[in-house]
Amino acid sequence: MTIQLARRLLGAATTLAVVSLITLVALQATPGDAATGMVGDSASTMQLQTMRAQLGLDQPLPVQYATYIVKALRGDLGHSYISNKPVLDLMLERLPCTIVLALCAITLALMIGMTMGIAAALRAGTKTDTLLMSGAALGLAIPTFWSALVLMLIFSVNLRVLPLIGIDHPLGFVLPSITLALPTAAAIARLMRSSLLDVLRSDYVRTAHAKGLMPRRVLTHHIVRNSLLPVVTMLGLHLGHLLGGAFIVETIFALPGLGRLTVQAIFDRDYPLVLGATLFIAAMYVIINFLVDLAHGWLDPHVAHEAI
Amino acid sequence: MTSLTRTTVRILKNPTATPLRTGARRRQTTEARLRARITPSLWIGSGMGATLLLIALFAPLIAPYAPDQVMAGARLAPPNSTNLFGTDALGRDLFSRVVHGARLAVWTMLFGASIAAWLGVIPGLVAGYVGGWLDQLLSRVMEIAMAFPGILLALIIVARLGPSLNNAILAIGIVSTPGFYRLTRAHTISARKLLYVEAARAIGANDARIMFRHIAPNFLPSLIVMVTMRAGLMLLASGGLSFIGLGAQPPSPEWGALLATGRTYMESAPWLTILPGVCLTLTIIGTNLLGDGLRDALDPHI
Amino acid sequence: MKFYKILAVMIAAIIMLGCARATPVSTSTPTQATSSSTSVALAKSSSSATPNLNGGTLVRAMTSEPASLDPQGAATSGLSLVTPYLFDTLVTMDANKQLVPLLAESWQTSDDGKAITLKLKTGVTFQDGTPFNAEAVRFTFKRFKETGTKSPIYDGVKQIEDIQVLDDQSVRFTFKEPAANFWSTLAMPYAGIISPDSARKVAETGKGNLIGTGAFILAEWKAGQSLTLKRNPNYNWGAPITQNRAAPYLDALVFKVIPDATTQLAALQTGDVDVIFINQPDHIAKLKNDPNLQLIETQLNSLIYFAFNCKKPPFNDVRVRQALSRAINKEEIVQVALGGVGKVANTYLPPTLLGYDASLKTYALGYDPKQAQAELKALGFTQASSGTWEKDGQPLKGLLLTSNRAPNDAIAALIQAQFKAIGVPLEIQQLDSKAVTDATAAGKFDFLLYRYDWNDPDALNIYLGSDRIGTTNRAAYSNPAVDQWLAQGARELDATKRAKIYSEAQKLIMQDAPWQPLYIPVDVMAFSKRFDGIKLGFMGRMLVNDVRFVGK
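Chains as they are written, first to last, in the working numbering: chain B, 1 to 308; chain Y, 1 to 302; chain Z, 1 to 552.
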């Protein structure tokens, strides 16, 4: 148990180290560096070279990487090239908005998606099923920036019942959460339906029933549990995506989330900030993965001993 | 919960409603089996898919204008008899652009989904079946791939290879890979323990055969559902990359790009987003229906 | 519009049915619901006093927030928007680009042009209470030379050889060579004077913000959301570019970060913001008819140009450049891609800059596709039956590089169509601005659609001087005769003579056709009629000292 946990932690550390290395190499490979952006449009070559030296961009890559890792281990993610502020502070400023948005959206999506999926599976082949699945298909088929704009035009500009932008007002999260929840809910509904049908038709449900177990026991112990496996996997993926920031929705609703910060940092070639954001996103994945595996162990006794 | 229980009981008690694996079924002819399981979803879905393919195939014949033909006089004309879908800010015929865009939509879905599926399924199957250090290694690689922010990957690919629709699709495909891997691996781990797999192993069937003949059919329905869903999402994602400026290059009539640029005219020229949006939506619904239909028709459990 | 109303009613009906209870969402408009608590309090206080003279909070939308509020820092897009209200410069310019005093009262240039002596205003204090004096000026520019390497005016400031404090209120800048562009350097918002005390505190603690003498004081900065500036009650040293030169009437000035142009438009309509800048022609058309809004047009010191890669064959041949320049229809670009908002450019400097010379139009290469084809033929290019050209087995085609800024996609597509009309196929590549810089430095393009914004005719040197090849001289254009004129222009202090020099330089450049100047952008500011007295200063700066809240 302890050994396996230690192995898991070691694995997580490897992931983070490799991710940061790849990011650094990748950023180096990207045309244009921070110095070009920082000195502006009118810079001379001399000014550029001074800037590169100041940022340590003229150092060999292994030196840059080693310096970064040593500092990161001490909890110092460095300072943004552009604003000179500590990367950690910049990210912490944006974190609350992103977390609230991600949790609202995922909760909403889970509620809608599970209800739709279970209802559709139980009435498989009926008109209700067709209607629900058409709704899900529609939810998957509408681009985020389109639904965001339509929702905004309707509820904020025309009806004026919800705030347009920002998070000054708690209702400001309503439209962005709905926008983000729509495709996730649709995906969950489809997967839930398909997975539930799989389980309902599978051999072991029949076996369980044949053993004379009570239907309720069949239901809770086998059917729902087992059909949740792929849903949990997908939920983890979506939550991970959302915690990395939702750039398009943040842009349209003017929300101060991580997505905008990261994309801006990428376009600014602000390496420390990009590295910090990448590490954060990677860490989120590692944690969520772990939770997903735990959930799998709990849901499916077959994998219980492999989760930890 | 009670309704769920009731249905379960209904399904379990009435084997004709959900035919189960029986010896009798195996004796049915393939033809009869398929006919029994062709659902409206399959009809509608394949109908929509076929329409899209035909439009894509005969785009130059259907479209009255070239997709990049600028007609300076006809700027932002609403839909009318000469311009069925109206015109955009440069006076280009939107109908012709949408029709030509259908080719790119088909390509996006085929190319993107196959990259993701092949890169995800094979490693997932191997990792789940073989287990041990190979599983550890593959899972670690996928974890790293998944942990890597998609937009950064897209930016790097675009920066190295130049911005184009194909490079955007490549990025989207790679980003989608871990999802397929995880799905396959999770199913394989579950399936590995199933009685008939262990039985097959016991009688000495080789590993490849077990993986592809006994385990793969288990997750095929889920895989089909995922592929169809992802194919649609890929169309959306390429639009998202256009939104950031990393997608198809102007004057490409790629649907996502049409939506992303039409968006700024949302209030003054809504047809620029609504009409391509409807085409995109119909296409995605079509692929989903097709996926559902195929699932019902091919499901090995039934 | 009708479509949205119908959709709105439908969705509203669904929601009502779904909820089965009419949720009493606040009936107030989103303005009141979302505006910060300060503005609500301010609105109340203003209603009790003499109505509508003082007070009010003006909210302006901005596309991205500055990375920091150090005027000498990296020129992120929001920086020059916010710092003019926090930091005063020594001099500034009026709308006609005439130099006017701000923190400097008067100035003198030595006969050899190598020294400038400025007399500073008395009784000016920084917002932290420390006095503004010659030492603060010296400190500011010394700090600049040490840490201001990221600033766009670093090269301008670098010309300073020495700064002497003559007495408490006078300071002298000396140069090795006369520096004609130094005045426009001083007028740039990046040259704002910083309180030495605040700079030392920031350097020591690594926290806090720099402090200036501006008409507004930074009150709150919510990262990624908004910057709130409140009025500086002690202010009475404004420049003679507004009627009110004392403290502003407004209580506060808020900059809200709204990245998306469509959202900005919606925010103006709902009243979430009072001022936005528009660059989408169709947004302008839409707002023109709104009775609650007023629009001001301003022409910037900017030029959108189409450049050739002058190093790369066949575009290293001036005759090929001239021929292809004739394929471009600028009028169509302005009318179609910009919806008529913009002015066709013929010369390399915008009309608002010294050195602009309308008579140079005779050297411009006007739209003439037949002439273009004839010239290509004369150059030995042969046209295939498909319409494309080739010479020595090399097809005539090219890559048009541009940044992914708003109207560039439409302009690029239009130019592509215009080139196609004479049989030259173009491929368009839109990259982010950093990647464009890198691609142009590496020469990985044939044509470039780009823009410059500069405050001084020295722009020609920055964007076309031989020593800037590899950085800002993206066309890699080089003509020693032009370089000589430009160097002379940088030293010439007499405005008339200087204008003549740049006119001569342009004459030579235009014959070499490294660029085809396309148009001068016109920026439009839309603001709510709840405020009165908004003016635009030079470089499109919003002047708010005269602004009064006149309410609804």
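Honestly, the hints are just simulated from the structure, not real lab data.
Everything numeric in this text was worked out from a predicted model, so none of it was measured.
Every residue gets a Cβ at the ideal spot worked out from N, C-alpha and C, and that includes glycine.
Watch out, some of these pointers could steer you wrong.
Said to hold, decoys possible - Short derived list, chain Z residues pointing at chain B, Cβ under 10 Å:
id	residue
1	Ala74
2	Gly123
3	Val273
4	Asp432
If any of the earlier hints don't hold here, list their numbers in rising order.
2
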